[in-house]
Amino acid sequence: MRKRILSVVFVLILISIMGLPIFAAEATPSASQNGGISQGLGYLAAGLGMAIAAALCGLGQAKAIASACEGVSRNPGSEKAIRFFLILGLAFIESLVLYTFLIVIIKI
Amino acid sequence: MEHHFLLAEIINKILGPIVVWISKIVGLKIVDEKYPIPDFLCFLLIIVLVSAILHWWSARKYSVENPTGMQHLFETLYEGFGDIIESVIGEEGKKYLPFHFSLGMFIFLSNISGLIPGFESPSSNINFTAGCAIIVFIYYNVIGFKKSGIKYLKHFMGPNIFLAPLMIPIEIVSHLARPFSLAVRLFANIFGEDMVILVFIGLLPFVLPMPLMFLSILTSLIQAFVFVMLSMLYISDALPHEEEAH
Chain A
1 MRKRILSVVF
11 VLILISIMGL
21 PIFAAEATPS
31 ASQNGGISQG
41 LGYLAAGLGM
51 AIAAALCGLG
61 QAKAIASACE
71 GVSRNPGSEK
81 AIRFFLILGL
91 AFIESLVLYT
101 FLIVIIKI
Chain B
1 MEHHFLLAEI
11 INKILGPIVV
21 WISKIVGLKI
31 VDEKYPIPDF
41 LCFLLIIVLV
51 SAILHWWSAR
61 KYSVENPTGM
71 QHLFETLYEG
81 FGDIIESVIG
91 EEGKKYLPFH
101 FSLGMFIFLS
111 NISGLIPGFE
121 SPSSNINFTA
131 GCAIIVFIYY
141 NVIGFKKSGI
151 KYLKHFMGPN
161 IFLAPLMIPI
171 EIVSHLARPF
181 SLAVRLFANI
191 FGEDMVILVF
201 IGLLPFVLPM
211 PLMFLSILTS
221 LIQAFVFVML
231 SMLYISDALP
241 HEEEAH
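These protein sequences, in sequence, are chains A and B.
Counting in the numbering used here, the first sequence runs from 1 upward without gaps.
Counting in the numbering used here, the second sequence runs from 1 upward without gaps.
Treat the hints with care, since some could be wrong.
To be verified - From chain A, some residues computed to sit far from chain B (all C-beta separations above 12 Å): (1) LEU6; (2) GLY40; (3) ALA51; (4) LEU56; (5) GLY58; (6) LYS63; (7) GLY71; (8) ARG74; (9) ALA81; (10) ILE82; (11) ALA91; (12) SER95; (13) LEU98; (14) THR100.
Claimed, not checked - List of simulated lysine-lysine pairs, BS3-like, C-alpha gap at most 27 Å: (15) LYS24(B) x LYS34(B); (16) LYS24(B) x LYS80(A); (17) LYS24(B) x LYS95(B); (18) LYS154(B) x LYS94(B); (19) LYS61(B) x LYS80(A).
Quick caveat, the hints were computed from the structure, so don't treat them as lab data.
Being a predicted model, the structure only gives us computed values, none of them experimental.
Where a beta carbon is used, it is the ideal one built from N, C-alpha and C, also for glycine.
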């Protein structure tokens, strides 16, 4: 009985996956529709800005993870607390690069 | 020509005429008479219903000896939140627990509903996240005023009264940056993740989005948790606390 319900649910999910084009968002006006050099410069700035943000985010998160690993290795009993701080800190650092990603996605 | 979600169209057919009638009475102007409720509001209604049903179901039969499955789950979550809030705010933290628990559940459900086919997450819209952030902002300021009266404004003046003209603009800007960063963090996470899944579906339909969707479940949970955690931190910052002896 349970297997039948699971298989029916699975088939329903497969059918709804077929309608995934519904996810398409509306087109937002981008920075310069006319083309030419201003649009090219816009793309260049987007790529460069995103690259800098991601690189520095990687550095910051690497430092956080390294400290977390060292903290756990020094004091294996505090693993839960350190895991909590690690995940929280990584989420904060990641949100900074997501601000840049937002500008790139919405404006270009 | 816009392509809307199936559930959103159903809700618009049912509740659309009521909204149009109310707007005619009040005097608002609706852009499209056939589709007055936007997508994310429809899914917000669905999530409110689902959340209410979950809470009601878990509390149908209270029992101390043999609790039901849902009651056990909710009790575990609630107690876990209670421990965290007590470690952040202090002994009187449990008073603020219902607000934070329901906010956390709400944001988590709305983040994760974007991954279900046919649904759209309300938190991929800046209006929803800005609303939650404004509520948190008003809540912690009201608590600050309630607990310390007019002395709450001493928080803005810094450690010394002579530094006040310098500290007040800095503190006001930093206080205004809090709901802004809350809103944009949640919005950018969920909207960006939806966009990346969309791009991956275009690249290689059923294979490539899979690992990203697994990661999205994790980040939905983490972002809801970070939102609630920050709200707890802001409240603990607004409460009066004695200075510890150095």
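Do the hints match the structure? See the list:
1. With a least beta-carbon separation of about 17 Å from chain B, LEU6(A) lies farther than 12 Å from that chain, consistent with its non-interface assignment.
2. No beta-carbon of chain B comes within 12 Å of the beta-carbon of GLY40(A); the shortest separation is about 21 Å.
3. With a closest Cβ-Cβ approach of about 16 Å to chain B, ALA51(A) is found to remain outside the 12 Å limit, as its non-interface label requires.
4. For LEU56(A), the shortest C-beta to C-beta distance to chain B comes to about 17 Å, beyond the 12 Å cut-off, and the non-interface label holds.
5. In this structure GLY58(A) is separated from chain B by more than 12 Å, as the shortest Cβ-Cβ distance comes to about 16 Å.
6. For LYS63(A), the requirement that its beta carbon stay farther than 12 Å from each beta carbon of chain B is met, with the minimum near 19 Å.
7. The Cβ of GLY71(A) lies farther than 12 Å from every Cβ of chain B, with a closest approach of about 18 Å, so its non-interface assignment holds.
8. Every Cβ of chain B is farther than 12 Å from the Cβ of ARG74(A); the closest lies at roughly 22 Å, confirming the non-interface assignment.
9. For ALA81(A), the non-interface assignment is contradicted: its Cβ lies about 10 Å from the closest Cβ of chain B, within the 12 Å cut-off.
10. At the 12 Å boundary, the C-beta of ILE82(A) stays outside the reach of chain B, the nearest C-beta of that chain being 15 Å off.
11. With a cut of 12 Å on Cβ distances, ALA91(A) falls inside the contact zone with chain B, its closest approach being about 5 Å.
12. Not every C-beta of chain B lies more than 12 Å from that of SER95(A), the closest at about 4 Å, which undercuts listing it as non-interface.
13. The beta carbon of LEU98(A) is not kept farther than 12 Å from every beta carbon of chain B, the shortest such distance being approximately 4 Å.
14. For THR100(A), the requirement that its beta carbon stay farther than 12 Å from each beta carbon of chain B is not met, with the minimum near 9 Å.
15. Note on LYS24(B) and LYS34(B): the hinted pairing holds, with a Cα-Cα distance of about 14 Å set against a maximum of 27 Å.
16. For the proposed pair LYS24(B) and LYS80(A), the alpha carbon gap of about 56 Å is over 27 Å, so the pair is violated.
17. Distance check on the hinted pair: LYS24(B) and LYS95(B) sit about 42 Å apart at the alpha-carbon level, beyond 27 Å; violated.
18. Restraint check: the Cα-Cα separation between LYS154(B) and LYS94(B) comes to about 26 Å, which is no more than 27 Å; the hinted pair holds.
19. Restraint check for LYS61(B) and LYS80(A): the C-alpha separation of about 34 Å exceeds 27 Å, so the hint is violated.
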